[in-house]
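FYI, the working numbering numbers position 79 of the sequence shown as 79, with every residue one higher than the one before it.
FYI, nobody ran anything at the bench for these hints, they're computed from the structure. In this text the structure is predicted, and so the values were computed from the model without any measurement. Built from N, CA and C at the ideal position, the CB exists for glycine as well. Heads up, some of the hints might be wrong.
[To be verified] Ranges of calculated distance between the beta carbons of each label pair, as one might list FRET restraints:
(1) T79 x N116: 16 to 26 Å
(2) A72 x L107: 29 to 39 Å
(3) T89 x G119: 26 to 36 Å
(4) T79 x D121: 28 to 38 Å
(5) E75 x G2: 11 to 21 Å
(6) E84 x D121: 20 to 30 Å
(7) E49 x G158: 30 to 40 Å
(8) H80 x D122: 36 to 46 Å
(9) E75 x N116: 15 to 25 Å
(10) A72 x N19: 39 to 49 Å
(11) A72 x G158: 17 to 27 Å
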Amino acid sequence: MGLNDAPLLFHFEIESSQNLKFIPMVVRFNLDRFGLRISLEQWQMLPHEDRALLARFPVDEDTAIEPNFDHALFEMMRTHANVEPEWFTPDDNPAWRDTAAVPETVLHQANLANLNPPGVDDWARLDPFKRYVLAKLARKSASNHDFLPAMKEFGLAG
């Protein structure tokens, strides 16, 4: 599978990513699936064109489908930031992959946003990338300003 024609941004991200000043979910997904970590400061050292290119990589779960994300990121980071991304061991079974249970962190964020939490059936119907996004937005105990807009965009809130 090739690159998307344009950066893959959800509607709720367009304003909050401030023209790719912040790391969009598509890039976070690929960082997490490859076990790579970069700081916001390092992300912002990359030229806008490189950030846009990284945001065009697909979000398929199979890392063999598009193995060039990590190669592109390493080259960009060496060229523009004179550093390499940090490696970590990705979670083999993250909570967002489980379609039989809504993660506790997502339930907690829904409560903080005064929303009805998504039911298991609604959770299971979401595509994996959307489940990842909600779980990523819900990972901290404090309220996340993008959680409610994401829930609305994904059809889980009115």
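Take a look at whether the Cβ-Cβ distance between T79 and N116 falls inside 16 to 26 Å.
Given about 47 Å between the Cβ atoms, the range is violated.
Pairwise beta carbon distance, A72 to N19, judged against the given window 39 to 49 Å:
violated (20 Å)
Okay, A72 versus L107 on CB: inside 29 to 39 Å?
holds (36 Å)
How does the Cβ-Cβ distance of E84 and D121 compare with 20 to 30 Å: does it lie in that range?
violated (43 Å)
With respect to the beta-carbon atoms only, verify the hint that T79 and D121 lie 28 to 38 Å apart.
violated (47 Å)
Between T89 and G119, is the Cβ distance one that fits in 26 to 36 Å?
Holds, at about 32 Å.
Taking the CB of A72 and the CB of G158, does the distance hold inside 17 to 27 Å?
Given range 17 to 27 Å: violated, Cβ gap about 39 Å.
Could you see if the CB distance from E75 to N116 stays within 15 to 25 Å?
violated (45 Å)
Assuming the hint says 30 to 40 Å, is it satisfied by the Cβ distance from E49 to G158 or not?
holds (38 Å)
Assuming the hint says 11 to 21 Å, is it satisfied by the Cβ distance from E75 to G2 or not?
holds (18 Å)
Would you say the C-beta atoms of H80 and D122 sit inside 36 to 46 Å of each other?
Holds, at about 41 Å.
Comparing the model with each earlier hint shows violations of hints 1, 4, 6, 9, 10 and 11; every other hint is respected.
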